[in-house]
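*Asks:* Keeping the supplied structure of chain G fixed, place chain S upon it in accordance with the hints.
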Amino acid sequence: MKIVQIDKEDWENGIKKLFEVYRLFAPVKEADFHNFKQIEAGQLPDLSCLNTRLSPKSIIYPQSEVMFKYSLDENEEDHHILKEVDKDYSPQAVIGIRPCDAKAFELVRLNFDSPDYKDPYWLNAYEATTLVGLACESPCSSCFCTTAGCGPYHAEALDLLLIDNGDQYWAKVISAKGEAFLAAAGWTVAVEEQTALKEIEVKKRAAEDKISAFVKTDKLREIETNDLYTAAFWEEVSFSCINCGTCTYVCPTCWCFDIQDENRGNRGCRMRNWDSCMYPLFTLHGSGHNPRGTQLHRVRQRFMHKLKYFVDKYDAGIQCVGCGRCIRLCPVNIDIRRVCGYMNSHVASADTCEV
Amino acid sequence: MLNPYLPYPVRIDNITVETEDKNLKTFRFVFINPQDEEKFSYRAGQFAELSVTGKGEIPIGIASSPTEKGFVMFTVNKVGLVSSYLHAMKEGDIMGVRGPLGNCYPWDQMEGKNIIIIGGGFAFTTLRSSIIYMLDPANRSKFKDIHVIYGARTPGMLLYWDELIEWEKRDDINMHITVDGTDDPNWKYNIGFVPTITEQKAPPGGEDSVAVVCGPPIMIKFTQPVLDKLGYSDDRIIMSLENRMKCGIGMCGRCNIGKEFVCKDGPVFTLEEINKTPREY
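Sequence lines, in order, name chains G and S. First residue of the first sequence: 1, per the working numbering; consecutive thereafter. First residue of the second sequence: 1001, per the working numbering; consecutive thereafter.
Same shape as in the complex, but just chain G (with noise of 0.2 angstroms):
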């Protein structure tokens, strides 16, 4: 595995040479936290922050986005019939994204990447993305990212992963695009491989030796679907949910959205927006029966979901990758960790949840 280093005197020159090819996004300093905004000529990404407040998802598959256009005006061509409208799929690098985000987009693409349907405007911007990710060398408390198929050097998902070594980065070449990305940088200077590789072995050790909290998932496959959904924690987990949503916004993985028309006068757009299983609006009936139809049904849904169905359907673990941002961010202060160790534990009892 090809390994580049990168000398810090070099930094800004590499990025100002990879505008010319990329749209860049990159951590941002915003009020008292940081997000992943896209960076113009003069500007560097700010690699000080442990993680983003929210996680660059958007960058692939944003809040909001036009699906269609259309005219209603019946005076003109085609009016009523949905036209594609133009997108930018120019590629576009995200600098110093964490591994757990970039794992997210992983398990995401199960979702959009169907053997019977592609979602092309998830795929398309996923294919311009090339993801350079940057190693943690000091996770937060909230971290999980060990025991939820990830880890604070895990490189699969990435396309090349820097690792900070003092004045120089390392950055460890996963795909072709993660080449491309340095020649465009032209950061050139190979290292010698093995001795790198021992180094950034301890360096890894140590990183992961610093995570302190775990999830325990073996169990979750086996127990029966019914047995979980039925169980009488959910009472006590979601008591004081306030069904906010903002753990579904914050989450890396979660892809929820709607489908709304949007006009203005005789024009108009067919928008997705991103959605949340916290609303009851959410599965809400014409008919008025909601099959969600409490605070209990919602906060259940989200935590089998992510913990239950997704690890039946694809075989690929959790639907979670450890970033911690639902538990830091909750306003009632819910915790994945502490559900997941319920639900991984759950024996099948006649004590049951009311709903």
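It is worth saying that the hints were derived from the structure and are not from the lab. Fair warning: this is a prediction, and the values are worked out from it, not measured in the lab.
Quick partial rundown of chain G residues pointing at chain S, CB under 8 angstroms, derived from the structure:
hint, residue
1, M67
2, H80
3, E84
4, N111
5, S114
6, K118
7, D119
8, L123
9, F282
10, T283
11, P291
12, Y309
13, D312
14, K313
Residues from chain S that keep clear of chain G, each with C-beta distances beyond 12 angstroms, as calculated:
hint, residue
15, P1106
16, K1144
17, D1145
18, Y1189
C-beta: ideal position from N, C-alpha, C; glycine also.
*Replies:* Below, chain S without anything else, positioned relative to chain G:
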């Protein structure tokens, strides 16, 4: 890459008011690009998203049969924003149809069997598609006895009245039309709820029989024990489910019952399959 969200443009060719309360209308659509009809190749039991430009989409079962050519047909209940607007549209108007979506009734499993169709209220649309399909001269010999139990609140609430009467007259299909009640002294058919009529008229179940059940939850709830008693095992009771949908292709995340998406893995499930899910429908 084909865009699975892009509807085929269609023109409303014909609109029929189906019920006395005028809340159900049947819309017949013709594809504006003739080659789209071939792409929209479907089987009985599937649904489509009707796309009313500027309002949105609604998932509706396909009421026409694959054996009927030149158009597709849907019967729509007026309930929400899109269906209400659709009810106000007129023949000649342009809109879209996206699909076909979901699975169909398990025709491979149903061939060679006695078929009993049980329907209630306006959940008779894909059942109409199935009956027309089975009665087609090319298909009738593939099935043994066909029984249909179909009920509504009143005679005026039964869908496809003219066809029901035509089927009544045939000897290759056993019709059991029923209403909850009527003050019409000339009513010649059954009076009673669907589960009761099922108990009286349905043939016994067994290896050779398959029941297809579509209707409101209350009808399904009371029909199920009747079918049990008649000897229909859970894997021979076929049901079509409904849930709120948007994408129709298993991606937007709202219509799941457990790990199954009603839109893509369904809407047709056996009772045996449904019993393994949390039944969130």
